[in-house]
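Peer 1: Here is how the chains run, residue by residue.
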Amino acid sequence: GENVEQHPSTLSVQEGDSAVIKCTYSDSASNYFPWYKQELGKRPQLIIDIRSNVGEKKDQRIAVTLNKTAKHFSLHITETQPEDSAVYFCAASIPPFTGGGNKLTFGTGTQLKVEL
Amino acid sequence: NAGVTQTPKFQVLKTGQSMTLQCAQDMNHEYMSWYRQDPGMGLRLIHYSVGAGITDQGEVPNGYNVSRSTTEDFPLRLLSAAPSQTSVYFCASSYAGQGYEQYFGPGTRLTVT
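Residue numbers (this note's numbering), protein chains in the order written: chain G, 1 to 116; chain V, 1 to 113.
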């Protein structure tokens, strides 16, 4: 099955700096890659996603890049703010074989701390 | 819309007890799933369903049962609780097909003593 590795496990940056979180996946059939943010004690929430026919996607201060050849994708957060402090999870999904399905394999998470 | 709801929020069980974690969604989503979240291990898929009457195993299904009799509800049953099942459990739902956003419930924190 799919295996997703995520690095680093913790990341500390100064407010205003950029943060980069990297993930690799094992199954070359994976073609959908979402990123989730989870604040302490809360549920995970989707912040951005990318499909394998796109190399980069941006949404204001966050961007995701995908390198299909190397099987890795990254989350970039620019101009970090204290409210960006949270755990971030990457995930990967292979196409469903039959009638629907949206199975995600998650990375182990990155605790991002933005310091004032 | 209430979105995805889960009950209870917290539960303490003794080893060997059984219980059912409830999950419901009001978005008419075909796909529903259960994850467990343990420190340092991310979210691991337990079971999932692509529609009423259809369920399948995920990555860590042992010790858990599910059924899907309606589109709205997807309960998770612990048959005989073990300390290794101490975790936070999240239910999620989405439209069927790849690439739709999965919406998570608020989670259930389960402790097995």
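Calculated directly from the structure, the hints in this document are not laboratory data.
Every value quoted in this text rests on a predicted model; they were computed, and no experiment measured them.
Any given hint could be a false lead.
Stated by the list, open to error - With a cut-off of at most 16 Å between alpha-carbon atoms, the simulated EDC-like pairs for lysine to aspartate or glutamate come out as follows:
#1 42(G) - 26(V)
#2 37(G) - 83(G)
#3 113(G) - 5(G)
#4 42(G) - 17(G)
#5 37(G) - 101(V)
#6 113(G) - 27(G)
Stated by the list, open to error - Over the 10 Å line for every Cβ pair with chain G, so calculated as not near, a few chain V residues:
#7 16
#8 20
#9 33
#10 43
#11 44
#12 45
#13 53
#14 67
#15 79
#16 80
#17 85
#18 96
#19 97
#20 98
From the three backbone atoms N, C-alpha and C, an ideal C-beta is built for every residue, glycine too.
Peer 1: Each of the hints needs a verdict: does it hold here or not?
Peer 2: The hints, checked one at a time:
1. 42(G) - 26(V): 20 Å, violated
2. 37(G) - 83(G): At roughly 11 Å apart (the allowed maximum being 16 Å), residue 83(G) and residue 37(G) satisfy the hint.
3. 113(G) - 5(G): 20 Å, violated
4. 42(G) - 17(G): With Cα atoms ~25 Å apart, residue 42(G) and residue 17(G) exceed 16 Å; violated.
5. 37(G) - 101(V): Judged against 16 Å, a Cα distance of about 13 Å means the pair holds.
6. 113(G) - 27(G): 31 Å, violated
7. 16: Nearest chain G Cβ is 29 Å from residue 16(V), so the label holds.
8. 20: Its Cβ never comes within 10 Å of chain G, the nearest being 20 Å, so this holds.
9. 33: 8 Å, violated
10. 43: 4 Å, violated
11. 44: 7 Å, violated
12. 45: 7 Å, violated
13. 53: Fine: 12 Å to the nearest Cβ keeps residue 53(V) off the interface.
14. 67: Given that every Cβ of chain G is farther than 10 Å from that of residue 67(V), nearest at about 18 Å, it holds.
15. 79: Answer for residue 79(V): holds, closest chain G Cβ roughly 23 Å.
16. 80: 27 Å, holds
17. 85: 19 Å, holds
18. 96: 3 Å, violated
19. 97: 5 Å, violated
20. 98: For residue 98(V), whose nearest Cβ neighbour in chain G is about 5 Å away, the distance does not exceed 10 Å, so it is violated.
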